[in-house]
Amino acid sequence: DGGITQSPKYLFRKEGQNVTLSCEQNLNHDAMYWYRQDPGQGLRLIYYSQIVNDFQKGDIAEGYSVSREKKESFPLTVTSAQKNPTAFYLCASRGGQAGNQPQHFGDGTRLSIL
Amino acid sequence: AQKITQTQPGMFVQEKEAVTLDCTYDTSDQSYGLFWYKQPSSGEMIFLIYQGSYDEQNATEGRYSLNFQKARKSANLVISASQLGDSAMYFCAMREGRQAGTALIFGKGTTLSVSS
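Going down the list, the protein sequences come from chains A and B.
In case it helps, our numbering puts the first sequence at residues 17 to 130.
In case it helps, our numbering puts the second sequence at residues 61 to 176.
Bound-form chain A, shown alone (with noise of 0.2 Å):
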């Protein structure tokens, strides 16, 4: 079945230690995004990207970094920079050009500081 896959569903990081998110999706889709979300709130917007090579910042991009170089993937790095990593990560792709397709999201990854 189509759909995105996040791995691993649950992460610890050390201190001052970068760690990678992976994100892979077999629907096709051009655009992708990465999104944080805090205990009771909603999502952020870290990266996105509409199109393979290139990727766009979003309103928290600091302290993180993104690849975008094959359609299928998009992973996520949590760099040392970023002091309060501890958060639920979701990654979504979107299809086509029409208004009203939705995002479709990945289960979600679940980063803590060790």
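I should point out that these hints are in silico values taken from the structure, not numbers from a laboratory.
Be aware that one or more of the hints could be misleading.
In silico contact screen, one side only, chain A against chain B (beta carbon under 10 Å); selected entries [as the list claims (entries may be wrong)]:
#1 Ala47
#2 Gln53
#3 Arg60
#4 Ser65
#5 Asp75
#6 Ala108
#7 Gln119
#8 Phe121
#9 Gly122
#10 Asp123
Straight-line alpha carbon distances no greater than 25 Å define the calculated PhoX-like cross-link-like pairs of lysine-lysine that follow [said to hold, decoys possible]:
#11 Lys86(A) - Lys73(A)
#12 Lys25(A) - Lys87(A)
#13 Lys130(B) - Lys168(B)
#14 Lys99(A) - Lys168(B)
#15 Lys133(B) - Lys63(B)
#16 Lys63(B) - Lys130(B)
#17 Lys73(A) - Lys63(B)
#18 Lys168(B) - Lys133(B)
#19 Lys25(A) - Lys168(B)
#20 Lys73(A) - Lys168(B)
#21 Lys99(A) - Lys30(A)
#22 Lys25(A) - Lys86(A)
Here are some, though not all, of the chain A residues that point toward chain B, as calculated from beta-carbon distances under 8 Å [what the hints assert, rightly or not]:
#23 Asp46
#24 Gly58
#25 Leu61
#26 Gln66
#27 Gly124
Here the structure is a predicted model, which is why all the values come from computation and not from measurement.
The beta-carbon is built from N, C-alpha and C at its ideal position, and this holds for glycine as well.
Fit chain B to the supplied structure of chain A, relying on the hints for placement.
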């Protein structure tokens, strides 16, 4: 200023009753889209319903309907005949402009609790 405002942190309803979840938005674009998502405790985001700014009729999808009042900039979600499985967090989101790949702006959500 918040672009999407959900003023109800929590709502409580009994099974089989209808419930309305409020959402107001702020945009200067003429073309925009409004989405509602459901997030159960497991964390995944489930798309429920969409309303385009030029749609003349309110959107409906099964037990979900959208009360769209453009002049008031509100897009309230109505869930009819609530079920225990409807207990979850509900998010209103907006896509501004015409470009399809534009990211969504989310509200802070409303937690719905359905009791028997």
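Each hint tested on the structure:
1. Ala47: holds (4 Å)
2. Gln53: Given a least distance of 8 Å, the restraint on Gln53(A) holds.
3. Arg60: holds (8 Å)
4. Ser65: Holds: closest Cβ of chain B sits about 9 Å from Ser65(A), inside 10 Å.
5. Asp75: holds (9 Å)
6. Ala108: holds (8 Å)
7. Gln119: At about 6 Å, which falls below the 10 Å cut-off, the nearest Cβ of chain B leaves the hint on Gln119(A) intact, so it holds.
8. Phe121: Phe121(A) check passes; min Cβ-Cβ to chain B is 4 Å, inside 10 Å.
9. Gly122: holds (8 Å)
10. Asp123: Holds, about 5 Å.
11. Lys86(A) - Lys73(A): holds (18 Å)
12. Lys25(A) - Lys87(A): holds (22 Å)
13. Lys130(B) - Lys168(B): holds (21 Å)
14. Lys99(A) - Lys168(B): holds (22 Å)
15. Lys133(B) - Lys63(B): holds (11 Å)
16. Lys63(B) - Lys130(B): holds (15 Å)
17. Lys73(A) - Lys63(B): Given that 25 Å is the threshold and the Cα spacing comes to 18 Å, the pair holds.
18. Lys168(B) - Lys133(B): holds (17 Å)
19. Lys25(A) - Lys168(B): holds (23 Å)
20. Lys73(A) - Lys168(B): holds (21 Å)
21. Lys99(A) - Lys30(A): holds (11 Å)
22. Lys25(A) - Lys86(A): holds (22 Å)
23. Asp46: With Cβ-Cβ at 7 Å, under 8 Å, it holds.
24. Gly58: Cβ of Gly58(A) sits 4 Å from chain B, so the hint holds.
25. Leu61: holds (5 Å)
26. Gln66: holds (4 Å)
27. Gly124: For Gly124(A), the interface hint holds, since the closest Cβ of chain B sits about 5 Å away, which is under 8 Å.
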